[in-house]
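Participant: Once you've looked at the hints, dock chain U against the given chain R.
There are 2 protein chains.
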Amino acid sequence: MKKLFLASFILFAFSSIATAQQLKSPQGEFEMNFSLTSDGTPTYSLKYKNKEVVKTSKLGLELKNDKKSLLNDFTIVDSKTATFDETWKPVWGEVAQIRNHYNELAVTLNQKGTDRKIVIRFRLFDDGLGFRYEFPSQKNLVYFVIKEERTQFAMAGNHTAHWISGDYDTQEYDYTTSKLSEIRNLSSKARSENASQEGFSDTGVQTSLMMKSNDGIYINLHEAALINYSCMNLNLDDKKMIFESHLTPDAKGDKGYIQAPSTSPWRTVIVSDDAREILDSKMTLNLNDPCKIEDTSWIKPVKYVGVWWEMITNKSTWSYTNDFPAIQLGITDYSKAKPNGTHGANTAHVKEYIDFASKHGFDGVLVEGWNQGWEDWFGHAKDYVFDFVTPYPDFDVKDLHEYAKSKGVKMIMHHETSGSTRNYERHLDKAFKFMNDNGYEAVKTGYVGPILPVGEHHYSQSIINHYQYVIEKAVDYKIMVNAHEAVRPTGICRTYPNMIGNEAARGTEFQAFGGSKPNHVTILPFTRLIGGPMDYTPGIFEMNIQKFSPTNTSKVNSTLANQLALYVTMYSPLQMAADLIENYNQFPDAFQFIKDVAVDWSESKYLEAEPGDYITVARKAKGTNNWFIGNVNGETPRTSNITLNFLEKGKKYTATIYADAKDAHYKTNPQAYTIRKITVTSKTKLSQLSASGGGYAISIVENK
Amino acid sequence: MKKLFLASFILFAFSSIATAQQLKSPQGEFEMNFSLTSDGTPTYSLKYKNKEVVKTSKLGLELKNDKKSLLNDFTIVDSKTATFDETWKPVWGEVAQIRNHYNELAVTLNQKGTDRKIVIRFRLFDDGLGFRYEFPSQKNLVYFVIKEERTQFAMAGNHTAHWISGDYDTQEYDYTTSKLSEIRNLSSKARSENASQEGFSDTGVQTSLMMKSNDGIYINLHEAALINYSCMNLNLDDKKMIFESHLTPDAKGDKGYIQAPSTSPWRTVIVSDDAREILDSKMTLNLNDPCKIEDTSWIKPVKYVGVWWEMITNKSTWSYTNDFPAIQLGITDYSKAKPNGTHGANTAHVKEYIDFASKHGFDGVLVEGWNQGWEDWFGHAKDYVFDFVTPYPDFDVKDLHEYAKSKGVKMIMHHETSGSTRNYERHLDKAFKFMNDNGYEAVKTGYVGPILPVGEHHYSQSIINHYQYVIEKAVDYKIMVNAHEAVRPTGICRTYPNMIGNEAARGTEFQAFGGSKPNHVTILPFTRLIGGPMDYTPGIFEMNIQKFSPTNTSKVNSTLANQLALYVTMYSPLQMAADLIENYNQFPDAFQFIKDVAVDWSESKYLEAEPGDYITVARKAKGTNNWFIGNVNGETPRTSNITLNFLEKGKKYTATIYADAKDAHYKTNPQAYTIRKITVTSKTKLSQLSASGGGYAISIVENK
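Just so you know, the sequences run in chain order R and U.
If you're matching positions, the first sequence starts at 1 in the UniProt record's numbering and goes up one per residue.
If you're matching positions, the second sequence starts at 1 in the UniProt record's numbering and goes up one per residue.
Keep in mind the hints are simulated off the structure, nothing from the lab.
No false leads were slipped in.
Because identical chains cannot be distinguished in the list, a pair is counted as satisfied if it fits within a single copy or across any two copies.
Calculated lysine-lysine pairs in the DSSO-like style (CA-CA distance at most 27 Å, straight line):
| id | residue 1 | residue 2 |
| --- | --- | --- |
| 1 | K117 | K336 |
| 2 | K595 | K315 |
| 3 | K315 | K139 |
| 4 | K252 | K147 |
| 5 | K430 | K478 |
| 6 | K292 | K336 |
| 7 | K433 | K473 |
| 8 | K338 | K117 |
| 9 | K473 | K430 |
| 10 | K338 | K139 |
Note that the structure is predicted; figures quoted are calculated from it, not measured.
If we strip away everything but chain R, and leave its shape as in the complex, we get (with noise of 0.2 Å):
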């Protein structure tokens, strides 16, 4: 547990219960209103310099078997307003400290008749709201299935939102940008097929929901520490322009089962009229508990490659064999199996890859489809499909375990799971204890494929526990986790930041199903990240897949300078250099971009940005003095204007720019790119041109 700098805590208690409240934050800049309606129902609104941003919007949620519910009929027993400032180190982090800074109203609601009190807490800082429900332990309400929650975002205006489709099973639609009143007629259109999936509404959406008024407000809705509940959708009521929450049911449509005493997630509204801001936000860490693991020293930010991407475009496979139409793990007998020839993860071919790491100064090697199985992993609803210990006659556990060691590499482990979330807990165990025996020190899970149990869904109550309990059982193993399909992160790599890293959005993989658009990454930031960081897997520098996987037409839409820029762009203490080998060999001038650059900082500086069109931002390594600047623009080219202030004064560093090419685009000319060399220091001014889909990247030495 990371120490407290300053840490302070002003309770106030008031005698006097009014109907209303108001609450305003640190420097006063939002103020939020919190009262009861004539009927009892809670409600509250939030301004940000003096500009309503959420009106008046009613709260509560609504029960099964209970007439009542947990809706209105409530009168204020007792208020609570306080004050608290800490500074917290994070594990790893874009910045070395963070400052939680707040001010806090709980108000205590009694409900007539039922005699029932629940909690509306309220969390007011400089970048934003959030709140949640508490149910204390009272007799009254104990044991309560939620059929719905009822807590409302009514919006000022029809903003132009950034959205992708309400869904229980998947998050790896592209981004729409639109008005909201549009949302509805492109809702069919937004819903791009995926493994597994169900949506519920033409005007249901996601979060971390990223908008902007007409008049330039930047409003983000997410939610924040989604422990032991459903995840959150947004349906909204196109006509008042209303957002209402509605959770991920479960297999009889139930959206949780609640034991008091017990709280909901945070509901988070971050705001302001600087979109850098928005990036800058800390708020969703901030509402999640401090660190629950006492010993860190194991958890370290990770550069690593691996045996994927060629699978991802269909260059080679997970699967061994082609002599069976399904397996049956410990009878299908793989010995007498004749190789398919085209099996990615096998040992002559992973040692390659732990050479290139080592050449190259990468942390570790993940290799996808070492183990037995894969030959029908996946859309059959099977329930024993992996044993994660079990590797294929062709991968050697032992021997590349020595191999990695001799060179210094860490081998990265890979446990898919089709969604089959009964057998992988039944295995975690010992999964858990073969990668402490061989070596592993870090796992990539992933949840392809409706989830069994049959019913439930990727994001339902049910489902979260079981992301939870893996996290927290490889606490007891010392094991890093980065969950592909699972829940969308809420800041929980506070509390556990053994969760080093979450898909949870379209991954670079879909550029190799069809492509993203090339914006894809410019919104991002705004959404996904702000619960977490991403294990986006950037680093393609071939975009015309077809050159080595002949029958994959897709293209990469990205230009070459752009993939480089996400590694500063998409903040993640995991990053991966997805592409072949080869492919890298080709340009090793750009790939020295990927060697150099950092993983895990001190300091990070937003330059630019507009959510869709443009992020520029300026990282300083940890521990060093050295910044890594990134850039990455959305279709229209564009020239980035930064200042290099943020230098230390007097200083003159080495900058090598790395740029597209004045022909580069990512349809047409993706691979042109410059590299320059420039000595800079905190009065140099900087002018760069991205191309469409493009962007730049920069490291920056100091000068010895």
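Facilitator: Structure of chain U alone, referenced to chain R:
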């Protein structure tokens, strides 16, 4: 694995493929005919002694999202017959050796248009028919989902049946005896309240279903080897008197996820014109795989007492305190809680049971309510309900372990899961390790209340797999399992003899919940016990529960002599003496029978039997020359006439007869019994009156 005494397997392959096939039982009393209808639907029929038992009945499966299903358009492509004869030794059982002798017909069918193959395998024994579906490995049938199994059992008349209503979540109904045509009208009355229940039809019934035709043929329908498949109910077309299989659905309403190669469980039809032969049938065991446990030396029959009846009757409580509305394991602090003063599982009280067990030669002491969490254990869909390793403050595991060891008694573990199967699996390894560490060799498991994951059922495929997972995991720790509220057994104890007990029917506890019908125990051996032994927990001496638990007005509908007889008539290698110590101390002469009776047998002779009316059985204790006889009687008083011709000729024995007194009656005078000793030989004939709800028990010891 037990050695085979005699095994022969002769295979005949026919080259000529007819559209009809006939199979006869080894002794020729049964004739099974298989044929295809004109549209290629497979059918079978069964005759016994030239009487129609099953009229022409359809076979097949309806598949989900599959137009053709596996119902018709079949042609016979292969047909093989074989004869099998072996004798095997069960680890424990009613007899020391079991003959497995049948003629087999395996018909391979190919479906036109789809080119899919299934095999229907028939085994005809001298006591009935077993058949199953087999799905061989093939290209066109790999994964499929069962919408419904369409196996018919067309009855030849309006039989009398002993039935309980079909249900997905309980087997604990009292039996109703009626004509098949009367089931519909009696159905709702037959469905008493249960902690978990979900019916599906007014003519739905459970197996094992016991019937008797008007011309005196006894017919029993059940299943054998229920592994990785949903449990079968039967739904009656009461116009045509055709039963059809109705499988237990999962949370989505589907009936089974199948991957070829695999097989269905066996569907069984046990038939005789002598009711005793139904009880004597070993067909269900024979249709299961041989023992899969290499070393079975640790599996031993158990006679036990325990802290149980006092909670069932409300004399004491499982819970420790009344302080908390709800428990959070690991957070709720029991050390500061006020004890409720009624907690049964306290160290001092358990020691009384250990002393009692030691004094009277019992093997084990079961203690329920020893572990934290019982305050809100049931009915809240609570996920983390127990951890199975943390005792209440007043239960000293180490002390009791040492104390029991010093007294030569084994503690028996209790794992109530409250139906929260994921939670149980998460803790299973630690819980079993805890048992190993503390001298527990057997565990009673429980599944009270609706199943978690939500939407699943006690008898759906996924939960069937859970029970099997627990049994197989227990083998790793050399632990014997006695599962309550789990699926009704289907002979799997042959394969996994560590499954020494099951409840899976209305047990003695219901005598404290309002009572069971007095003839209940004359039906159970014809129904529930067809699949394997039951932990019925007999031995209640105080029928007026109110005497020791003032708030409980339920009466035990049985005489004391009937309770003694149950140790012989309700075969089980695990037998409890369920009553309170003080109640046994009142009747030391009757208690002697419970002390003497064996729990493992070399021979069993069913002397008299009529389902619903009476059962008389004599069993020879394994490894001795001693015999025990039990007779249970239904509502009508009756004189039982038996001959002891199973005794060794020329030898003299002393028989101690525990019988109903002349004025005994389950309702008005249940504790009236007589004990007399007489000398008997193989020529002795006994005539003994059994009261209403009564019976008798005899121990026979060779004079030396």
